[in-house]
Each structure stands twice: as C-alpha cells, then as structure tokens.
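Peer 1: Here is what each chain is made of, one letter per residue.
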Amino acid sequence: MKQASSLKNKVAIVGVGESEIGLVPHMTGLGLNAQAAKRALDDAGLKVSDIDGVLTAYSFTEPYFMLGSVLCEYLGLTPRFNASVVVGGATPAVMLKHAAEAIVSGQAETILVCAGENRATGVTRDAAVAALMAVGHPYFEQPYGTSIPGFYAMIAQRHMHVYGTTREQMAQVAVNTRTHALLHPNAHMKKPLSAEQVLSAKPIADPLGMLDCCLISDAGGAFIVTSAERACDLQSKPVYLQGIGEHHTHEHLMCAPSLTEFGVTESGRIAYKMAGLGPQDIDVAELYDCFTIVPIIELEELGFCKPGEGGAFFADGHARIGGRLPVNTHGGMLSHAHAGAAGGLFGIIEAVRQLRGGLENRQVKDAEVALVHNEGGILSSHCTVILANDKG
Amino acid sequence: MNTTQLPAPVANADSRPYWDAVKDQKLLIRKCSDCGELHFMPRYLCPFCWSDKLEWVQSKGAGSVHSYTVIRRAPVQTFATRVPYVIALIELDEGPRMMANVLGEDALDTKIGDRVNVIFEDRGEDAKVPQFKRVKA
Chain H
0 MKQASSLKNK VAIVGVGESE IGLVPHMTGL GLNAQAAKRA LDDAGLKVSD IDGVLTAYSF
60 TEPYFMLGSV LCEYLGLTPR FNASVVVGGA TPAVMLKHAA EAIVSGQAET ILVCAGENRA
120 TGVTRDAAVA ALMAVGHPYF EQPYGTSIPG FYAMIAQRHM HVYGTTREQM AQVAVNTRTH
180 ALLHPNAHMK KPLSAEQVLS AKPIADPLGM LDCCLISDAG GAFIVTSAER ACDLQSKPVY
240 LQGIGEHHTH EHLMCAPSLT EFGVTESGRI AYKMAGLGPQ DIDVAELYDC FTIVPIIELE
300 ELGFCKPGEG GAFFADGHAR IGGRLPVNTH GGMLSHAHAG AAGGLFGIIE AVRQLRGGLE
360 NRQVKDAEVA LVHNEGGILS SHCTVILAND KG
Chain L
0 MNTTQLPAPV ANADSRPYWD AVKDQKLLIR KCSDCGELHF MPRYLCPFCW SDKLEWVQSK
60 GAGSVHSYTV IRRAPVQTFA TRVPYVIALI ELDEGPRMMA NVLGEDALDT KIGDRVNVIF
120 EDRGEDAKVP QFKRVKA
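Here the protein sequences come in this chain order: H and L.
Oh and the first sequence: position 340 is 339 in numbering that gives the first Met the number 0, straight run, nothing missing.
Oh and the second sequence: position 64 is 63 in numbering that gives the first Met the number 0, straight run, nothing missing.
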C-alpha cells in the first residue's frame, strides 16, 4: 500500500475553547458551538475573517440534514472548505486529520473544528436514550432490546472473562477521572466519588452500573487548526500535530471481528510511526471513556501496558496526575462532559492545554508529548492523535 | 408476558429470505459460493471476497455464548416489561456470530461458554425472531 504523506509538524492547534458545560438550558446546541468557537478564536487571537474552513460533526438534539452548512450559516461564515463528519465519537480526531490534510493541500489555511449539543436539556432523557438506541442495528440488534451500555457491557464481560479484569478495577477508572475533574473549573461533575459509590450505583447492563457510564451534558467544544508556519506568528503557544492514524473495523457489535482486539492498535501504530515516537515517549494521554472498560482497553492496545493489565494500571494509581501516565486529566467523558462528538473533542482541548503548560492545579509536570484517542460506535471507528509543544 | 408488543422484525431485500425462514422455524445464514466463507448479516455480496454468488444454508441452530449482558434498565418502554433480560452474542457452531436474547427460566444464570440452541419467539401475527435457550447440563 502506498504510504500516506506525513502530516508531521505541518499544522498546529492554535486556539481552543469550551462552552458552558453541564445543564445549560438557556442555550441551544448551535449556541454552545458558537460560544466554544468564539472562545477558541479569541484564544488564538485571530479574526473571524481568518477562518476559511469549517468542520463539524452531527447532532441528535438538532438533527439538521446539512449540519456543516447550518453551522456556517449560524456563524455568518462563508468558507471555501466545509464538511460534516460522522464517525461517532472518533469524529473530532478525524476532523483534525481532515483539517491537516486540507491545510497541507492548500484547500484552506485556518480551519475551525467544532462540535457539541444540548443533550442534557435539549431533549428528554428518555428521548436521548431512545435516540442512542438507534446505534444498534435496526434489523438484527434492536429487536432484542439492545442499548449502548449493553454493547459495552458485553465487551467488559468478555474482557473480565479472558483477562480477569474486575468491576473494582473498572470503578477505579471512574474514581480516577472524577479526581481529575475536581481540578477542572469547567467540569460537569463537582463532587468527589468513591469506588463504593460506583460499585453500588444503579445497575444498567451487567457488569456496568450508572457510574460506569459517561455523562449526558450540554456542551460544545472547538479548536482552530492552521499551518505550522502561520502558527509561529500567533499569540498562543502552538501545539504541533506529530502523528495521526485511523482504523475502522465494523459498526455493529455483532460484526466486530473480536471482542478483545479492536482497531486501537492499528490507529495507534500509524500515529506512532508518523510521529517517530512510541508509548514510552507519551507524557499524558486523553483517552475516550464513554464507559469505564474503554480506557482500559485503549491503554492496552496503545502499548502503555500489556493486554489484561489495563485495569490494574488504573487501580494501582498509574493513571493519576503524578503517576506513570496521567490519563484524562480534565475528567474525561465520565466526569468532565459528554455531549455527542464534543466528548472526544475535550480530550484534544485538554491535550493542548497540558502541552502549553501553566495549568494551575492539574498540570502534568514537563508535559511535552500528548496522545489523544477517540473512538466511535462500539469501539468501531478509531483515530489516534499525537501532539507536541515543539517540533521535536 | 405479552411478547406481541415487542418489535416485529423488518424484512428488506437483503434479509427477506432470512425472516421468511424464521417464520418456518429455520435459521438461515449466508454462504459464499466462490470462497466458501459463511457470514451472518445478509447482504448483497460476500464481505470476504466480494463475490455476488451467495447461497442460503440452514444453520443447525447450536452455538455457544461468546459474551452476554443482563439489561437492568430498558432503553425504551417496549422492553421495560422484560427487564431483567439477557442479550448475548452467540457464536454459531458454523462460525458466524449473531445477537439474540437468551430466554428460559434459567436465562439469568447465563455465562460465557454456555451451550445454547435456537428457539423461535412469536412477535405479533405471523412473525417470529430467532432466540436462544441454554442447553441443560
């Protein structure tokens, strides 16, 4: 296969922004996107007229047919590059890749990447859950009363069976991210969480309880990507894209090639290769955590520990800030925010902030290289990103 | 419980022979006439070699539980009356995997590796879905 041309050091993220997060009933989904976009633009010190490309995702609460065009219309933008990307939770990282490719090929110079929705207050909770049920195959899964937690529960059950991973270890993932969320001023969750609370939470789909599941938030996130040359002249400290890789293996769980080996390994391999780096070079990791089992699997497949050791990695405290590899330093989707494609986007924002440095109380010391992993569907679509605060 | 309120299957051009066979209490899977591979979800071509020469073969309906969950909170109201219920990925002895409920009085005792056999559950008038029950040890 022909090797894709490297995107290493060609582009940088120069602005990041989060909307108000949590229960935000006074704003629409598009409004949350707009607020995040405005904050990202201000962060970069750029003007609205500098944006010549826009990428966005999808929205369950405001399901417009052409969301990319709708968002540009709402923002008063008339870009020369625009698309709505739909690969579930993997979308933000994939949008970063499309943005980098567009900039490198000269289709745009400065691209706004934006996602989010008012999933907590824009629809009823039942409607949100029912909409998510549509992720199951309409003819061969949904007739059996499937749910997204149910799919991930089957993955967790298999991991427990093959490797001996425990519910207690999974609970430590939730505790770890909550500990970090309490250090983030904008996180949805504000109260401490104990492993006992996670283990005794309302059961949803065995072995997952309510607190093994991510939040449903109102939230929008945005970042600005531009060429590495242009980035040098801006007010913010640029964070360079070092490596990025995708892998897509299935959509529905019944068609997954394996319940213990997913596409993370391959997307990670491509990203590491482009960056010329390996797991030993990563200072901080922001991993997709829609359910507590997921970052355990991602840690293993990305080479941070051996298969089957991901649960112990969390339980032994290695994923804490100050530990061997701090994971989800903003609080992840379990405790910071989850609102559609914005969930994984906050991992990218946090990686940028960690690499710029100077975070008050959650700074990973001497963080120079960060890894972000986004996944969509039922561990179906994957994109791994490696970012650094210099060109290496 | 009244299972007629649970969703009836929707057949389309890819799957109509499958659902018609289910009405006759037969479980069909797709086999590629060129490469010989079997697959579950019926489609226009073979996902292994892209041959469009496919045939239907009857599964013996025996398999084992590859993984499972017990749903404690139903995603929609129609399934609330069934809670708690088991969803499992069944690995058919022929190879392909499919999803279904494990039904029967001992369903909640389901474990990975359990042997199961297909049964057929009524879903409204003249409609059925394949389900599984555990083989008594």
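Wrong hints could be hidden among the right ones.
Facing chain L, from chain H, some residues (calculated, C-beta under 8 Å) [unchecked claim]:
#, residue
1, Tyr73
2, Thr77
3, Ala127
4, Val128
5, Met132
6, Gly144
7, Lys190
8, Ala204
9, Cys254
Derived from the structure by calculation, the hints contain no laboratory data.
Every residue gets a Cβ at the ideal spot worked out from N, C-alpha and C, and that includes glycine.
Peer 1: Check the structure against each numbered hint from earlier and tell me which ones fail, lowest number first.
Peer 2: 1, 2, 3 and 7
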